[in-house]
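Enquirer: If you want the building blocks of each chain, they are given just below.
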Amino acid sequence: MTDAPDPVFTEPWHAQVFALTVHLNEAGHFDWPEWASCFGATLKKNGLSKELDGGDDYFTAWLETLEQFLASKDLADLRDVAEMRNAWERAYLSTPHGAPVTLE
Amino acid sequence: MPHDDPDHPHSLLPPDPALRVKALETILTRKGLIDPAALDVIIDTYENKIGPRNGAHVVARAWSDPAFKTALLEDATAVVSEMGYYGRQGEHMVAVENTADVHNMVVCTLCSCYPWPLLGIPPGWYKSDAYRARAVREPRAVLADFGVTLPEDTAVRVWDSTAEVRYLVIPERPAGSDGMDEAALMDLVTRDSMIGTGLALPVEGSAP
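Heads up: the protein sequence lines correspond to chains A and B, in order. Quick note, the first sequence lines up with residues 1 to 104 if you use the working numbering. Quick note, the second sequence lines up with residues 105 to 312 if you use the working numbering.
Each hint should be verified, as a subset may be incorrect.
Distance ranges between label pairs, derived from CB positions [as the list claims (entries may be wrong)]:
1) B:His-114 - A:Ser-37: 28 to 36 Å
2) B:Pro-255 - A:Lys-44: 45 to 53 Å
3) B:Thr-174 - A:Lys-45: 37 to 45 Å
4) B:Arg-241 - A:Asp-80: 18 to 26 Å
5) A:Asn-86 - B:Glu-186: 34 to 42 Å
6) A:Thr-10 - B:Glu-308: 31 to 39 Å
7) A:Arg-90 - B:Arg-241: 43 to 51 Å
Within a straight-line C-alpha distance of at most 20 Å, the following computed DMTMM-like cross-link-like pairs (lysine to aspartate or glutamate) qualify [said to hold, decoys possible]:
8) A:Lys-45 - A:Glu-34
9) A:Lys-44 - B:Asp-139
10) B:Lys-135 - A:Asp-74
11) A:Lys-44 - A:Glu-67
12) B:Lys-153 - B:Asp-205
13) A:Lys-45 - B:Asp-233
14) A:Lys-45 - A:Asp-56
15) B:Lys-135 - B:Asp-148
16) B:Lys-135 - A:Asp-56
17) B:Lys-135 - A:Glu-26
18) A:Lys-73 - A:Glu-104
19) A:Lys-50 - B:Asp-139
20) A:Lys-44 - A:Asp-56
21) B:Lys-135 - A:Glu-104
22) B:Lys-135 - A:Asp-80
23) A:Lys-73 - B:Asp-139
24) B:Lys-153 - A:Glu-11
25) B:Lys-135 - A:Glu-67
26) B:Lys-153 - A:Asp-77
27) A:Lys-44 - B:Asp-233
28) B:Lys-135 - A:Asp-77
Hints listed in this document are in silico derivations from the structure and should not be mistaken for laboratory results. From a predicted model like this one, the values you see are computed outputs, not experimental measurements. Glycine included, each C-beta is placed from N, C-alpha and C at the ideal position.
Hey, can you work out the whole structure from these sequences and the hints?
Expert: What follows is the structure, given as structure tokens:
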């Protein structure tokens with residue numbers, strides 16, 4: 001039967017980006033239909049070049065939508081996000097394995 | 105603590121999207137727009153507390169209690185909220201009942217709208233382009249892929265979920281389940297049967 005317990009989220013970041021979006025919605029930063037319509041548009045665009053399988057590509061589209069969405073609402077600037085992403089990368093690369101990773 | 109494997113002198117670098125999510129989190133936390141602890145609560149809820157057992161509970165009760173079923177078909181949102189099943193993506197829920205004449209099936213052609221409080225997070229196939237495109241166009245072929253063959257004269261009705269309205273299919277109660285209590289009935293209700301891509305499980309020892 002197909003009801004075997006699939007993991008809800010297959011990657012930790014899937015869960016994180018999902019929770020982040022739900023949390024922002026619950027905090028009143030946007031309503032869900034608005035989000036769904038933007039997300040639907042991204043899925044449609046990404047689905048033009050290849051058939052999406054609903055796994056990693058689904059959450060990739062989710063993240064892409066959220067980044068654009070938050071930028072359009074002046075909640076998180078795209079350049080700031082890119083810089084912060086690189087700061088986290090540097091932090092991971094300069095932290096010894098096993099130690100907690102923190103930003104400088 | 106230094107690591108003893110020279111091939112991994114530093115922490116394992118998460119994949120690019122994980123770093124981007126972390127970046128968003130950091131920025132929004134610093135702006136005071138989100139509470140990181142709330143994120144953990146949301147993840148725990150969806151990973152551990154919300155899932156198809158909620159929907160199965162609703163279906164089992166509908167099978168057992170005709171008055172409940174009538175109320176459910178009239179105003180599902182109110183009825184399931186009373187059972188404690190409400191929240192995100194459950195603001196307006198509609199229950200549709202499978203009978204010998206009609207088989208209902210649910211899709212979201214826009215993205216992946218789904219009754220989270222009743223069924224949890226949708227499975228990968230529900231979110232795939234293949235299912236979203238084909239469910240409306242050729243529902244019987246999709247059902248066949250799921251191993252479901254319906255009698256010729258059973259109509260198939262496909263419901264397209266939206267961000268406003270989400271559907272729960274009440275599958276047909278399996279033959280031989282008379283007299284079973286709610287808990288036993290719940291075990292017959294699969295996730296797919298509540299999306300309409302499956303049927304409730306047959307009762308062991310009874311003819312299908």
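Enquirer: Run every hint past the structure and note whether it holds.
Expert: For each hint, the structure was consulted:
1. Range check, His-114 (chain B) to Ser-37 (chain A): Cβ separation about 41 Å, and the 28 to 36 Å hint is violated.
2. Our hint of 45 to 53 Å for Pro-255 (chain B) and Lys-44 (chain A) is violated, since their Cβ atoms are close to 35 Å apart.
3. In this structure the hint that Thr-174 (chain B) and Lys-45 (chain A) lie 37 to 45 Å apart at CB holds, the actual value being about 44 Å.
4. The supplied range of 18 to 26 Å is broken by Arg-241 (chain B) and Asp-80 (chain A), whose beta-carbon atoms lie about 43 Å from each other.
5. Checked against the given bound of 34 to 42 Å, the beta carbons of Asn-86 (chain A) and Glu-186 (chain B), roughly 50 Å apart, lie outside it.
6. Taking the beta carbon of each, Thr-10 (chain A) and Glu-308 (chain B) are about 32 Å apart, inside 31 to 39 Å as hinted.
7. Checked against the hint of 43 to 51 Å, the C-beta distance between Arg-90 (chain A) and Arg-241 (chain B) comes to roughly 49 Å, which is consistent with it.
8. The hinted pair formed by Lys-45 (chain A) and Glu-34 (chain A) meets the criterion: a straight-line CA distance of about 17 Å does not exceed 20 Å.
9. For the hint pairing Lys-44 (chain A) with Asp-139 (chain B), the CA-to-CA distance comes to about 32 Å; that exceeds 20 Å, so the pair is violated.
10. For the hint pairing Lys-135 (chain B) with Asp-74 (chain A), the CA-to-CA distance comes to about 12 Å; that is within 20 Å, so the pair holds.
11. For the hint pairing Lys-44 (chain A) with Glu-67 (chain A), the CA-to-CA distance comes to about 17 Å; that is within 20 Å, so the pair holds.
12. At most 20 Å may separate the alpha-carbon atoms for a hinted pair to count; Lys-153 (chain B) and Asp-205 (chain B) exceed this at roughly 35 Å.
13. Proposed proximity of Lys-45 (chain A) and Asp-233 (chain B) is supported: the alpha carbons are some 12 Å apart, at most 20 Å.
14. Among the hinted pairs, Lys-45 (chain A) with Asp-56 (chain A) is consistent with the structure: their alpha-carbon atoms are about 16 Å apart, no more than 20 Å.
15. With a CA separation close to 24 Å, the supplied pair Lys-135 (chain B) and Asp-148 (chain B) exceeds the 20 Å bound.
16. Using a Cα cut-off of 20 Å, the hinted pair Lys-135 (chain B) and Asp-56 (chain A) is violated, with the two alpha carbons roughly 29 Å apart.
17. Between the alpha carbons of Lys-135 (chain B) and Glu-26 (chain A) the distance comes to roughly 17 Å, so the proposed pair stays at or under 20 Å and holds.
18. With a C-alpha separation of about 28 Å, the suggested pair Lys-73 (chain A) and Glu-104 (chain A) falls outside the 20 Å cut-off, and the hint is violated.
19. Straight-line distance between C-alpha atoms of Lys-50 (chain A) and Asp-139 (chain B) comes to about 36 Å, which puts the hinted pair past the 20 Å bound.
20. A hinted pair counts as satisfied when its Cα atoms are at most 20 Å apart, and Lys-44 (chain A) with Asp-56 (chain A) qualifies at roughly 16 Å.
21. Restraint check for Lys-135 (chain B) and Glu-104 (chain A): satisfied, since their Cα atoms lie roughly 18 Å apart, inside the 20 Å limit.
22. Pair hint Lys-135 (chain B) plus Asp-80 (chain A) holds up; C-alpha atoms about 12 Å apart against a cutoff of 20 Å.
23. Our distance criterion of 20 Å between C-alpha atoms is met by Lys-73 (chain A) and Asp-139 (chain B), whose separation comes to about 19 Å.
24. A threshold of 20 Å between alpha carbons decides the hint, and for Lys-153 (chain B) with Glu-11 (chain A) the separation of about 18 Å falls inside it, so the pair holds.
25. The hinted pair formed by Lys-135 (chain B) and Glu-67 (chain A) meets the criterion: a straight-line CA distance of about 16 Å does not exceed 20 Å.
26. Distance restraint check for Lys-153 (chain B) and Asp-77 (chain A): the Cα-Cα separation of roughly 34 Å exceeds the 20 Å cut-off, and the hinted pair is therefore not satisfied.
27. Between Lys-44 (chain A) and Asp-233 (chain B) the CA atoms are separated by roughly 9 Å; this keeps the pair inside 20 Å, and the hint holds.
28. At roughly 12 Å between alpha-carbon atoms, Lys-135 (chain B) and Asp-77 (chain A) fall within 20 Å of each other, so this suggested pair holds.
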